[in-house]
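Participant: Here are the chains, one letter per residue:
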Amino acid sequence: MKHTLVAKVMDQPGVLNRVASLFRRRAFNIDSLTVGHTETSEFSRMTIVVDTARVPASIVAANLRKLIPVAEVVDVTHLPTVDRDLALIRVRSSPAGFAELASLVEIFRARIVDVATDSVIVEVTGPEAKVASLVELLRPRGILEMVRTGKVAMVRGSVGEAKPATHEASAA
Amino acid sequence: MQRTGAQIVWECLVKEGVETVFGYPGGAILPTYDAMLDYPVRHVLVRHEQGAAHMADGYARASGKVGVAIATSGPGATNLTTGIATAMLDSSPTVFITGQVSSKVLGTDAFQEVDVTGITLPITKHNSLVTEARHVARTIREAFVIARSGRPGPVLVDITKDAQQGKTEFHYPETVYLPGLHEPEPPDAESLARAAELIDKAERPLILAGAGVMRSGASQVLREFAEKTGTPVALTLLGIGGFPQSHPLCLGMMGMHGEAFTNSAIQRADLLLAFGMRFDDRVTGNIKTYALHAKKIHVEIDPSEVGKNVKVDVALVSDLRVALEALTPLVKAKRPEAWIAEIEGGRQETRSRDIIHRDENGRLLAAHVVHDLWQTTGGDSVVVSDVGQHQMWEAQYYKHDDPRTLITSGGLGTMGFALPAAIGVKMARPDAEVWVVAGDGGFQMTQCELATLQQEQLDVKIAIVNNGFLGMVRQWQEFFHDKRYAATPMLSPDFVKLAGAYDVPAYRVSQRGDVVPTVRKARETKGPVLIEFQVEKEDAVYPMVPAGSDLHAMIRRPSEAGEEVRS
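As given, the protein sequences belong to chains A and B, one line each in that order.
FYI, this note's numbering numbers position 137 of the first sequence as 137, with every residue one higher than the one before it.
FYI, this note's numbering numbers position 321 of the second sequence as 321, with every residue one higher than the one before it.
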């Protein structure tokens, strides 16, 4: 299964390297990892989607917390969240097809952000499943190039309601 | 006041209470060595930086204080790495300070430049690169706080030459801002209550005590808990000393070379109390068949260890001493007589096979050497063992009663650890009788530190158990590779002559009858003495759980010569 961990990390050189090194060393499987600025310059925020088939999310989170520049880790998998993935998709299209394509992607609240003679770039933002649906819909037309940011997530509701992932002893 | 970065290094070390550092100078660390002469810190000049790392580690293990080693950039730093990894695997609080090339040439492959923070990233608890004098004080202060806190470990600070030379205003930071450093909290009441309930209900309880007993200073409260609940105590290799081996409830070492009755008790227990240990594969054997009938309570300071190898029923994520002080008043006093009697039956059966109670038939057996060393020293010395067969015989036959009296490389299994670590131990505990017990292979890896021993005039006794083989590897070849002895027969120098070159008195012993008198002679001599014990060449450590096998499927000691028993 996939778990989504949100980590608040010190904005210092090498933090991403420490996290990546931990995942490599412990053979934790990263699905996606995004990192970016936050409301304070002191901290960055990582959203890490991890495959927990082999190692439980609680162990992954506990290992992340051992890194000194990692201030906080929350497993948001089972919390109500707003989560977003952004994709840029270059799709094969003739000028005649632009209008039809534009109305198709509009259903996904996606839009065409660049037009060339033989292709367009579609920008879509949304939960990963929605992005994936659009990708599948566009695939038969010929996807020439695609980039996805990976998931970012934020817990819904008031600040402070998100509970940190705790250690739950599992029955033997 | 204005200070150079180099002076600030020493200002900080003095503030941290550091009295001794172990190191080796070189170009990139030269400003720091120059400043050293003005500060009241004893510097031990090693012969190889690996030795400095093991000395700092040994110092830390023997004292509980932070051990410090210093090296230069490039090869100086890379030579430290084996020792840093050793400290990491055994959670030893240590700080390593390395010189780095000037910040202006960082990243240019300058002379003796190597990416030290990159190399040591996975083998340190934390590391930092300092490129400006104004960051030296804070970084070193943080290093000590991190090294000591929670589950201790090594921290490395890499300081560029220009950061050592630059001047800045010096303020010692009393407090540090580390939002990512999570100090352990006391166990919660609900988990304590659940643990107490399991303990009260258990009919076949067993304590598994590890290095956490030493790290948290829990040996006294462990004893109170074990005696109140009548719970037998098995020890990991690094847990030895945490509970007295002379105590009737002590079952000695568990795991790959633990006694059969001890491992058998683990497999038949209905409750395991894992105290400051991490279910290493050398302790559990095949994890799928490990202690299937037992509920498990894990008291562990590092949350990432809970549920890593073994699923547990109750976790107390806490300092062990704090947890036991809270738990002991909650449990009922009892004594599981039937269970203890069952274990004692196994102990008697094991004892009957024990090599100690059998005739050596003219051979000198390593087990007898360790047994005689234990008796002659009254069990009161600090033994620093290396890695291999002798290490297991030491663990089986030197009966340690006190914490921090066995210093050995457990997790990493670093050959060459013993002699340099013993130098660190002796510096930390100058009044203790310190014995190195090493094999002929491991001793040769770091024997250059004999010169350090003499230069520092340290009274460390050395017992080399020489069987002419890399014995443990030979044993695996004997058991699992059809006695094909690939690269294990080993030629050694004349150790007596070698010691002579360092002006260390030395003796060779090849008869059982000479063991005790020679150990006595060594003890009566002031200063270092080396004894080479020429022991039986193809002896094996029994019992043995082959790697990955079920814990109850042991290769037992032969009860008669030549007979091998698999249970």
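Think of the hints as simulated: they come from the structure by calculation, not from any bench.
All of these numbers come straight from a predicted model, not from anything done at the bench.
We treat Cβ as the ideally placed atom computed from N, Cα and C, and that holds for glycine.
Where hints are given, some of them may not hold.
Think about it this way: if two alpha-carbon atoms lie no more than 25 Å apart in a straight line, the pair counts; the simulated BS3-like pairs of lysine-lysine are [claimed, not checked]:
| hint | chain 1 | residue 1 | chain 2 | residue 2 |
| --- | --- | --- | --- | --- |
| 1 | B | K228 | B | K497 |
| 2 | B | K201 | B | K311 |
| 3 | A | K66 | B | K537 |
| 4 | A | K2 | B | K311 |
| 5 | B | K104 | B | K65 |
| 6 | A | K66 | B | K311 |
| 7 | B | K288 | B | K311 |
| 8 | B | K228 | B | K201 |
| 9 | B | K308 | A | K2 |
| 10 | A | K8 | B | K308 |
| 11 | B | K65 | A | K66 |
| 12 | B | K537 | B | K497 |
Not everything, but these chain A residues come out facing chain B in the computed CB check (under 8 Å) [stated by the list, open to error]:
| hint | residue |
| --- | --- |
| 13 | L16 |
| 14 | R54 |
| 15 | P56 |
| 16 | R65 |
| 17 | K66 |
| 18 | A71 |
| 19 | R141 |
Non-contacting residues of chain B with respect to chain A, defined by C-beta distances greater than 12 Å in every case (computed) [unchecked claim]:
| hint | residue |
| --- | --- |
| 20 | R151 |
| 21 | D302 |
| 22 | A451 |
Participant: Work down the list of hints and note, for each, if the structure agrees.
Facilitator: Hint-by-hint comparison with the structure:
Annotation: proposed proximity of B:K228 to B:K497 is violated, straight-line Cα distance about 54 Å (limit 25 Å). Between B:K201 and B:K311 the alpha-carbon distance is near 20 Å, which keeps this suggested pair within the 25 Å criterion. Pair hint A:K66 plus B:K537 does not hold up; C-alpha atoms about 45 Å apart against a cutoff of 25 Å. Annotation: proposed proximity of A:K2 to B:K311 holds, straight-line Cα distance about 21 Å (limit 25 Å).
Restraint check for B:K104 and B:K65: not satisfied, since their Cα atoms lie roughly 36 Å apart, outside the 25 Å limit. For a cut-off of 25 Å, the pair hint linking A:K66 to B:K311 stands: about 21 Å separates their Cα positions. A distance of roughly 11 Å separates the Cα atoms of B:K288 and B:K311; the hinted pair therefore holds under the 25 Å criterion. For the hint linking B:K228 to B:K201, the alpha-carbon distance of about 14 Å falls within 25 Å, and the restraint holds.
As the CA atoms of B:K308 and A:K2 are separated by approximately 18 Å, the hinted pair is consistent with the 25 Å bound. Restraint check: the Cα-Cα separation between A:K8 and B:K308 comes to about 24 Å, which is no more than 25 Å; the hinted pair holds. Taken as a hint, the B:K65 and A:K66 pair is honoured in the structure, with Cα atoms around 21 Å apart against an allowance of 25 Å. The suggested pairing of B:K537 with B:K497 holds, with an alpha-carbon distance near 21 Å, which does not exceed 25 Å.
The beta carbon of A:L16 is not positioned within 8 Å of any beta carbon in chain B (closest approach about 12 Å), and the interface hint is therefore violated. The restraint placing A:R54 at the interface with chain B is violated, with a minimum CB-CB distance near 12 Å, outside the 8 Å limit. The restraint placing A:P56 at the interface with chain B holds, with a minimum CB-CB distance near 7 Å, inside the 8 Å limit. For the restraint placing A:R65 at the interface with chain B, the shortest Cβ-Cβ distance is roughly 6 Å, inside the 8 Å limit, so the hint holds.
The beta carbon of A:K66 comes within 6 Å of a beta carbon in chain B, closer than 8 Å, and the hint placing it at the interface holds. Look at A:A71: its Cβ gets to within about 4 Å of chain B, closer than 8 Å, so that hint holds up. The interface hint given for A:R141 is violated, since its Cβ lies 45 Å from the closest Cβ of chain B, which is over the 8 Å cut-off. Residue-level check failed: B:R151 sits 8 Å from the nearest beta carbon of chain A, not beyond 12 Å.
Annotated as non-interface, B:D302 brings its C-beta within 12 Å of a C-beta of chain A; the closest such distance is 7 Å. Residue placement check: B:A451 keeps its beta carbon more than 12 Å from all beta carbons of chain A (closest about 37 Å).
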